[in-house]
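Enquirer: Spelled out from the first residue to the last, the chains are:
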Amino acid sequence: DTAVSQTPKYLVTQMGNDKSIKCEQNLGHDTMYWYKQDSKKFLKIMFSYNNKELIINETVPNRFSPKSPDKAHLNLHINSLELGDSAVYFCASSPSLGAGANVLTFGAGSRLTVL
Amino acid sequence: KQEVTQIPAALSVPEGENLVLNCSFTDSAIYNLQWFRQDPGKGLTSLLLIQSSQREQTSGRLNASLDKSSGRSTLYIAASQPGDSATYLCAVRGYSGGGADGLTFGKGTHLIIQP
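These protein sequence lines map, in sequence, to chains A and B.
Start counting the first sequence at 43; every next residue gets the next number (the numbering used here).
Start counting the second sequence at 506; every next residue gets the next number (the numbering used here).
Next comes chain B alone, as it looks inside the complex (with noise of 0.2 Å):
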């Protein structure tokens, strides 16, 4: 069974500093791992995909890197703003087949940007 950890759990960083949160799975065999960003009262918003066969993506400041082999994953977010503020969530899918499988969540990084 899949299980996703990550760490740290709550991170509260300055305005300005680069970071990196991580993500680990137990089940190497998966289909992609994708990142969220989780905002009170709101639902989930999508930020990097990544599929198995690639190393890393990017978009904007936040680039987010795979290393299936180790089941790992880390989110880097470069010079980071208040409005970063939120829970990132990792998912990763794995081959249950159809396709419409539900994805397996970590429990998310709280993190806080401190103006």
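Isolated chain A (complex conformation) (with noise of 0.2 Å):
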């Protein structure tokens, strides 16, 4: 199937534990992205990636890190975790920049639960 696939689904972790959470695209796009829906629903962009670079960083705390070591992959690793940090974090893909950004492919979530 082609998709966005994240893991894992569900993570259940204590504060101040270091976790990731990957996502891989089998699209062939170029750009990938990380989204955080919180507890008020509001989906917000936290990266995007173009062909591995770093293109938006929003205001995320820096214990938030993205790594995409092919332009197929982002993953997500957070650094102590705060309760704070509970939420559905969501990967999206679009084909490219400019009008191909309008195609954005999210996957299912993972949903992060901080205790």
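Watch out, some of these pointers could steer you wrong.
Unchecked claim - In silico DSSO-like pairs for lysine-lysine, Cα to Cα no more than 30 Å straight-line:
1. B:Lys547 with A:Lys83
2. A:Lys64 with B:Lys612
3. B:Lys547 with A:Lys64
4. A:Lys86 with B:Lys573
5. A:Lys61 with B:Lys573
6. B:Lys547 with A:Lys109
7. A:Lys51 with B:Lys612
8. B:Lys506 with A:Lys109
9. B:Lys573 with A:Lys78
10. A:Lys113 with B:Lys573
11. B:Lys506 with A:Lys78
12. B:Lys506 with A:Lys83
13. A:Lys94 with B:Lys573
14. B:Lys612 with A:Lys83
15. B:Lys612 with A:Lys61
16. B:Lys547 with A:Lys113
17. B:Lys547 with A:Lys51
18. A:Lys83 with B:Lys573
19. A:Lys64 with A:Lys51
20. A:Lys109 with B:Lys573
21. B:Lys547 with A:Lys82
22. A:Lys109 with B:Lys612
23. A:Lys64 with B:Lys573
24. A:Lys86 with B:Lys547
To be verified - Examples of chain B residues lying across from chain A (beta carbon under 10 Å, computed):
25. Gln539
26. Phe541
27. Ser551
28. His615
29. Gln619
Worth flagging that the hints you see were computed from the coordinates, not collected in a lab.
Being a predicted model, the structure only gives us computed values, none of them experimental.
Heads up, the beta-carbon is just placed ideally off N, CA and C, and yes, glycines get one too.
Got two chains here, each in a separate frame; can you build the complex from them with the hints?
Expert: Put into structure tokens, the structure is as follows:
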């Protein structure tokens, strides 16, 4: 199946731990994104990468470090997890920048719960 | 700073009714507006994309309109079906350049179609 796949789908961890969420797309897209959907249901962009280069870095704490080993993968590593990091994290991809960025394909989301 | 508001937050109607979901945005300088559908445990699915120069787009039973000057969009669903039950999200894309800028989302309208 062609898709954007994220792992894990659910992640429960203690405060202070370090965790990673992985994202892979087999759509041949150049651009990938991480979005966060908090408890109030707002979806906000965190990062976007184009061909492994960081394009957008919104005001996200530097405990969050995205890594793109190749243009098909964009992983999200989070250090020293805090309660407020609990959210659903969505990965997405689009064919390219510009007009290509209109066509976003989203992953199913990874629900992170910090206890 | 762009803000997107969706009204109502939740809506429950009997099957077969026509309904309208509303979206408003504070900054009319947008590149485009999109309507997404979010199903529980799944990612977002793009339904309709309206460019800033367009007034409306149609796909099957869905029709989305855009009045950029007043900062409003509506999603019209005709002859609603239980399978239409989902959360509907409105998102706008601004002119931050580069094309990989993040979409600004509303909180969504949680729609339930009663059989």
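Enquirer: With a cut-off of 30 Å on the C-alpha distance, tell me whether Lys86 of chain A and Lys573 of chain B pass.
Expert: 22 Å, holds
Enquirer: Lys94 of chain A and Lys573 of chain B were given as a pair; does the straight-line alpha-carbon distance stay at or below 30 Å?
Expert: 34 Å, violated
Enquirer: Verify the interface restraint on Gln539 of chain B: the C-beta must sit less than 10 Å from at least one C-beta of chain A.
Expert: With a minimum Cβ separation of about 8 Å from chain A (threshold 10 Å), the hint on Gln539 of chain B holds.
Enquirer: Is Lys547 of chain B within 30 Å of Lys109 of chain A, Cα to Cα?
Expert: This hinted pair holds, its Cα atoms lying about 24 Å apart.
Enquirer: Against chain A, with CB atoms and a cut of 10 Å, does the hint on Phe541 of chain B hold up?
Expert: OK, holds: Phe541 of chain B within 10 Å of chain A, min 8 Å.
Enquirer: Taking only the CA atoms, is the gap from Lys109 of chain A to Lys612 of chain B under or equal to 30 Å?
Expert: 28 Å, holds
Enquirer: Does Lys612 of chain B sit within 30 Å of Lys51 of chain A, going by the straight-line distance between their CA atoms?
Expert: Measuring from Cα to Cα gives roughly 22 Å; hence the hint holds.
Enquirer: Tell me if the straight-line CA distance from Lys547 of chain B to Lys51 of chain A falls inside 30 Å.
Expert: 10 Å, holds
Enquirer: Given the hint that Lys113 of chain A pairs with Lys573 of chain B, does the C-alpha gap stay at or below 30 Å?
Expert: Outside the cut-off at roughly 35 Å; violated.
Enquirer: Would the hint linking Lys64 of chain A and Lys51 of chain A be met if the CA-CA limit is 30 Å?
Expert: 10 Å, holds
Enquirer: Has the given pair, Lys547 of chain B with Lys64 of chain A, been kept, meaning a C-alpha gap of at most 30 Å?
Expert: 16 Å, holds
Enquirer: If you draw a straight line from the CA of Lys506 of chain B to the CA of Lys78 of chain A, is it 30 Å or shorter?
Expert: Holds, at roughly 18 Å.
In this structure, the earlier hints numbered 5, 10, 13, 20, 23 and 29 are contradicted, and the remaining ones agree with it.
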